[in-house]
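Residue numbers (the working numbering), protein chains in the order written: chain V, 1 to 470; chain B, 1 to 435.
In case anyone wonders, no lab produced these hints; they're calculated from the structure. Backbone N, C-alpha and C define an ideal beta-carbon position, used for all residues, glycine too. It cannot be assumed that every hint is accurate.
Some chain B residues well away from chain V (every beta-carbon gap over 12 Å; in silico) [unchecked claim]:
#, residue
1, M21
2, R35
3, H37
4, Q111
5, I138
6, T356
7, S375
8, V400
9, L405
Calculated pairs, SDA-like style, for lysine to any residue (alpha carbon to alpha carbon, straight line, at most 20 Å) [stated by the list, open to error]:
#, chain 1, residue 1, chain 2, residue 2
10, B, K402, V, D402
11, B, K334, V, P47
12, B, K373, V, V415
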Amino acid sequence: MATTDTPDLDIKTDIGNFVYPEKHKYDAGKGLSESTINYMCDVKEEPDWIRDFRMKALKTFRDKPMPTNWASKDLNAINFDEIRYYLAGDQKPSRSWDDVPDDVKQTFERLGIPESERKFLAGVEAQFDSEAAYSNIKEIAAKQGVIFVGSTEGLKEHPEIFRKWFGKVIPTGDNKFSALNSAVFSGGSFIYVPPGVKVSHPLQAYFRINAQNFGQFERTLIIADEGSEVTYMEGCTAPKFDTATLHSAVVELVALKGAKIQYITVQNWSDNVFNLVTKRGMAHEDAEIRWIDCNIGSRLTMKYPGVILKGRRARGEVLSIALANDGQHQDTGAKMVHAADETSSNIISKSISVGHGRATYRGLVTMPKHLKGCKNNTECDALLINTNSRTDTYPAITTRGDHNSVQHEASVSKVSAEQIFYMQQRGMTEGQAMSLAVNGFINDLAQHFPMEYSVELKRLIDLEMEGSVG
Amino acid sequence: MKHELTSRETFDAYLASQKDMPRWWLDLKRESWDRFHDLPMPHRKDENWRFANINGVDLGGFHFGQNPEGEAAEKDLLERSEQVHQRAGRLVFANDRLVHHEAVSQKLSDQGVIWLPLEQAVRKHEDLLRKHFMAQPIKLGSEKFSALHGALCSAGSFLYVPRGVEIDLPLVACHWTNGPNSAVFPHTLVIAEDLARVTLVDFFASHQRHARNYVCGVNDLYAGPGSRVTYISAQNWGHDSLAFHLNSTQAFREAYVTSLNVNVGGRQARTESHSQVLGEGAHTEMQSLTVATGSQEFDQRTLQTHFKGHSVSDLLYKNALLDDARTIFSGLIKVEEEAQQTDAYQTNRNLLLSPTAEANALPGLEILANDVKCSHGATSGQIDDAQLYYMLARGIPESVAKQLLVFGFFEDILGKLENEEIAENLRSLIRAQFD
């Protein structure tokens, strides 16, 4: 690989922790109370039903305990009073490319990220300098009748669709963090694909989202009407500048009869971030929802994309890759709730633990009574690189009903010494050999990713693996 | 006079019956009793009780101790305790009262083998008992019930096999309950010293098939370096009973331990099995066969802990579910940081024979070492249509074919048992559930 001749580069994501002075036109201040929500609703000029919705959610958030009875105790480190829940305005930051630290520039260089994207990723430009690309996509999509706007805009301009599905897949009280999101959400996308429309281009979040929208509490709602198809991508593989310490998004997908939704995430927050995300889709008859989820950054990620298989022959799939480096805990997994006959689901999860990193798989598969012919397949493979790396697997599977079948398999292994030796004999360094082996481990999954993502992912793994051996 | 199981009167009456026992034993009882009352009941949000029917865990309405009709039936129960004829020794208890003690041969006792009812062992072998009685950690959720066992347990078998002694025939213990609402606390303690070899079989059953009883049994295996310990239990409590069986194993260097639990009885039966690998090269096998019928709930919690490397643990739990039955399998493999080159496996297979049965599986891994081979697998499914078709095509009636396939499901464990008489016993216990 072209990148291997570069000298060692310590690519800890805390490189992303550089700070710029911030100025915002709207700032709800620190802490969360009724007045924070009133301020947000006033600034955003939201209808009353949303205000009520937020207020109720705030109450739910306060009532719900932290899920520390099963999840990491690290959650207690979050100080909800120190967080800013709403910042907006200020579309043109006064920073310049010259302010960006050299090592970050170098990282972008090595990842092969286009010049135009780099400025945006470094937080130099609040709006990604690809207005042309965005409007191009928007134009193509609009011709087909596709709505692709921000969630705030969607709420205002398309209330008839928005309100019908908003909060239906993930109710406010689903968990503490979905309640928090429901109380203070801002940003995110709203997409509606009309019946029979197959969106030819993947809709990419960072073509549209600006600094504010890339925010902590984004709310995305995607509705694919009967027989339509859409692919949505969010995130990027580069370490991302960010000052916020808590990200709690809610993403709801609705695939009506025969529709297909593919949702791709590549998450690489800096390693001071708690990334606590609720993602779920509802698949109606013959519909298909597929989550492709890749977690590389953050201090603690808790994310279990799920699919409710509501209609006959619906299909759900989660493909996920997690890489936990020193000081990181990737607590990821999947949920599959079978609620109709002949539904099928597939979960493939691969995790890599490096240094003191900890990767956890948590899964849930339910097949309730009186269902027939449901199938689930789950595979989780974990790779441990160093002696102090850690991995856990906690699936929960409930099966009832007639001719339903479930299989779950998990394995844990290390890179075999023979493999490394073989490669070293042929002139590779130990580090090169290791990163080749790790890339081989995720290769069959990475193939499902869109090309540019899988290429970036491979380079990123090369970077993360450097310095992990020896 | 009958008192509620958890009332002070029950414990005072029990202590009065124990007044000749050593002081440390009575202290342990008092301390356990206090701990039982201090510990909270299991809670719905407790991960160790996930999916379990918490409401069914109710100790109200049970009584501890003897009843006159119970003693009248003892002769009958003794006759029914003849499951294994080829044996090295036997103990029979009914409602925690010793009915029969068949000692080991003179040759074995000359070699130093100790085979005694628990109370006698407490009096005669204080050092061993103080070191090993209730000495293993309870980690899987039933701390409270284990404390009650510690407080009220007197009935049980104590087996000590000295260094290098090999016992070919199995030792047999039978525990019966008799009469409605009686509570029993059967205990089994096996200590196998270096290079010893032994097999022990526990039979648990109620006199009346539909009895309502409360059972909390504890069995602890201590497998010293190079020893081979085989433990088999067959549980057939009355079908309205609440039963707990808490199994712990300590396997030291190069020890080989096999444990097999066969479960068919109870309304709600929970087994907790904890296998601790404490020495290099140790090997533990944990197996379980369950037939769940009616509205029974079988709750199985397992933990395989590897503290030392170059060791193997292998778990296979197979459940066949009929009617509205439920099973919960929750297993965890924990490999500590220094236990490199560990092989740990965990498999749960559920055969759903009714559309309203429910199988829950929570197979888990926590791996802190990196040079390991660990895997787990859980499957739930029906009888394979292709296999059924093969049999039908050869003229075997459907009901017979299904039964053959279900029996075959258990055969990969039963077929490997070295003792054919025990295997045949377990087979008939399983088959009786399909009549």
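Indices of hints not satisfied (ascending): 6, 7, 11
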